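Peer 1: Listed here are the chains, written in short residue letters.
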Amino acid sequence: MSRIIPPEIAPYESLIDDILRAGSAKADEVEVYLEAGRSLSLELKQAVVGEASIAEVWGIGIRVITDGRIGSSSTMSPGRWEACLDAAVASARLADRQDWDGLPSPAPLAACDEPYDPAVIPDVALAQDLIARTLAGAEGAEADVIGGSASLSSGAGAIANSHGIFYSHRGTNAGVSLEMINGTSTGYEYDSKARLGDIDPEEVGKKAAFFADFWAGADDVPSAEADVVFAPTALASLLSAIFFPALSGRNVHAGRSYFAGKLGEACLDPALHVIDDPHHGDHATPWDDDGVVTRPLELVRDGTVAGFAYDLKTAYRYGAKTTGNAVRGGAGGAPGIGFHNLTVEGPAGGVDDGRAVICHGLIGAHTANTITGDFSVELSNASYVEDGEYTAPIRSAMLGGNLFAMLADIAGTSEETRTVGRITLPSVRFNNLHIIGK
Amino acid sequence: MRFAEPRYYDIRALEGSGTQIEIDNGVIESAGSAFSDTAVIRALGEKGWGTVVVDNFSALGDAAVRRKVDEALTLARATGEDVALAEVTSSVLPVPSVAEDPRNVSLEEKTEILLGIERAAALDGIVNTRARYIETAATIRFENSEGTAFAYEIVRSGYSVLAVAGRDGQMQMGRESEHGITGLNIRHKEAKGREAAERALLLLDARPARGGKMTAILDPELGGVFAHEAIGHASEGDLVKEGASVVKDKIGCAIGSPVLNVTDDPTMPEFGFMPVDDEGTAVQRTEIIRNGVLDNFLHDRQTLAAVGGGIAGHARAQGGYPPVVRMSNTFIENGDATLEELLEACGDGILLKGSRGGQVDPGRGVFQFNAEYGFLVEGGEMTAMVRDVSLSGDILTTLHNITMVAGDRTMSQGYCGKAGQSVPVSDGSPHLLLEHAVIGGGQS
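Chains as they are written, first to last, in the working numbering: chain U, 425 to 862; chain P, 1087 to 1530.
Check each hint, because a few of them may be wrong.
[To be verified] Label-pair ranges, simulated between beta-carbon atoms:
#1 L687/U with P1180/P: 30 to 40 Å
#2 D1434/P with G812/U: 39 to 49 Å
#3 L687/U with G1112/P: 54 to 64 Å
#4 R1371/P with A434/U: 44 to 54 Å
#5 P435/U with G1147/P: 15 to 25 Å
#6 D624/U with E1132/P: 49 to 59 Å
#7 G1465/P with E722/U: 48 to 58 Å
#8 R1152/P with G754/U: 22 to 32 Å
#9 A829/U with R1376/P: 39 to 49 Å
#10 S438/U with G1112/P: 35 to 45 Å
#11 R1376/P with L687/U: 57 to 67 Å
#12 G1147/P with R725/U: 57 to 67 Å
#13 N856/U with D1254/P: 21 to 31 Å
[Stated by the list, open to error] Below 30 Å or equal to it, Euclidean Cα-Cα: the simulated DSS-like pairs (lysine-lysine) are:
#14 K862/U with K1133/P
#15 K1275/P with K862/U
#16 K1299/P with K1336/P
#17 K1133/P with K1504/P
#18 K862/U with K1504/P
#19 K1504/P with K617/U
#20 K1275/P with K1133/P
#21 K745/U with K686/U
#22 K630/U with K1133/P
#23 K862/U with K1439/P
#24 K1133/P with K1336/P
#25 K617/U with K630/U
#26 K1504/P with K630/U
#27 K1275/P with K1439/P
[Said to hold, decoys possible] From the derived model, a few chain U residues whose C-beta atoms are all more than 10 Å from chain P:
#28 P435
#29 S498
#30 E563
#31 E603
#32 F638
#33 V751
#34 E769
Derived from the structure by calculation, the hints contain no laboratory data. Predicted model, so just to flag it, every value in this text is computed and none were measured. The beta carbon of each residue, even a glycine, is placed where N, CA and C say it ideally should be.
Kindly produce the complete structure, drawing on both the sequences and the hints.
Peer 2: Structure below.
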């Protein structure tokens, strides 16, 4: 297999080979994961730039497997790879033995988006332009800017193992954010994409201003039964805390998931579909962080639990097949089960019908009971809407419920979707929820 | 090394190792170490900050470091904020000695001890147990253009244990954790594993809390989260400076009831201890609220110069990030009441215990946090156990509603996230009586 190696990785090609060779003498199998990149960010302090930063990130993670015992270590220093390899070998001695059928060998890769844009350069002038465009979007607002940022990053990653895999890829990211305040009404908006042309700084400015200004006139509301529309940003925070971890094969087999024992069970809204597509989107990759070839994974089909996500280690342990869902947080961490580009679809329409409460953010989504799905959060930028028109902004209210019960009875979803992190989802309406007012 | 050109620069390097052991349902999933070597170089140009973060820093020679300072200065030219730095004293406290240095205990032995804690949680009815040990050893080296230079080493370690109870499709969890800086703390902690398991089992029979406005008692752990989320964040000088804090113009004002005293103390030998802050400023105990009056903001050098009304020495950074104003060990001071007196004064209400974390919007002045569990209080007596109970409110009204403070403060440890960075902190409180509390729960 020919190697086309990004310039960030090329200087370390022989280092990777050295580690694989030395590691093969000390362990049954060796894997090297390398990450190198450069990012620039400008931070707004009120409406002026107060800090300009460059970060140069470099790291390798080494994983060794001997007789079903897995060990790993990482370092930020190329010169210390031998100590890092020794630490990985020592850690493998301590780990319990598990069923293990080997790291992957080279395999044909599927056609796949490359989340890379040569226009994303960690360049000060480009970042200044993004800042100016974001602030321009907020022009005319009553609210003041309290902070914000523009960031541009470009980097590359590689994974290689002792069975001959050597995959590498490039990646970029461009992002802006803006935070505003009008009295004690705060507004926050952001956008972050792999390609420069995909972010909309003016819209970020406009939205942050709208959130701060419109909610400056907010009133308290009494407790009430209400139909609640979760904007993508609000729902994504609950799904990330509760729903997606429950679809991890590891949590399922360990007895920590609501979906344990529910594979094939129709326990969700019959119109709910959830798919993880590793080949299309800003986190597209033809291989996962175990070096396994990726493929689309259907998690929920017509409200039925259709599949769980696996990495190599969990799959071998429980006699399942890896779904190519190994994800790392960076070179410093061992791979774990994660997702690539998730898409959530529900019953179409109905979101804007009649009277409802729309909510754009939740405070405290991470405090939910991640196993049962019970949560209680404070709403952020919530407002009464009539046929889709914002009428009365709500100053403060709490909402409690059970996410799994809600997902079994979805009232409607919007046509428009938004990508929040790795999740693309519409606004979703749930009827008859209880709001605790003041 | 000393360079002439920027009006100020500093270099903060972190070199160290992290050790982690993870056990899941009796299986040692991983046990090993990883290595860090990173530095943050900041320079002040005519206006604001230029910052360069470099991994593999120890491999750089003097000339390369000089180039990084120049690069930071070049970046600084892209800024437009007028930055002044307050004059501060620099000194470094001794790092408290450790009873048993965790680095002298083999990974094998630590793994065996952790297994003991995890096994203790495997009671009948428990479907999953998990335990984790985390140890970080870091040497911090700092120097700035004013001639301040120091190095120190600090070792942090601790564990957590989680138990999940299951019955008839219902699941509940219990969790215990302890982290510190005074040495290995995992020996003879099997009881903590059992506690987590027993609580998870009890929660299977607990009913969901009924939401609404009521009188609440907060236990020391949840009271600590309250001190951190509802008071600490809003008093951070950077938020005050940018206009993002609801208490920004409240120094000298009574923002809470006269029984309320809140302190942030980086000198306390707790998980949030630091011998000196991450800009080289001497640390000191900072009284945020005294008898209900807002006395001090937490500051770094820039925010002290810009805002005043507080104490510098609260700049903190995760390795590889520039410092920002952060809390360290934050707590509500002891009062003179007892828990029994609080229960009696509560009458009918709720006692909230433990924490699943919290969050605050300091600009709006709204906070939310979740208790692990609670008990109904009826006629001054604790009765039925309840689950999934949360508390939210407005900072400025809630602080006036703390009407009684007990004298039984304890501290809990955790990590606090801000500006994309996570730093070790502790927080604590005695039992508190909170009137007109807005309680959320699964049922209404």
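Peer 1: Hints numbered earlier in the text: which of these fail when held up against the supplied structure?
Peer 2: 1, 3, 6, 14, 15, 20, 29, 31
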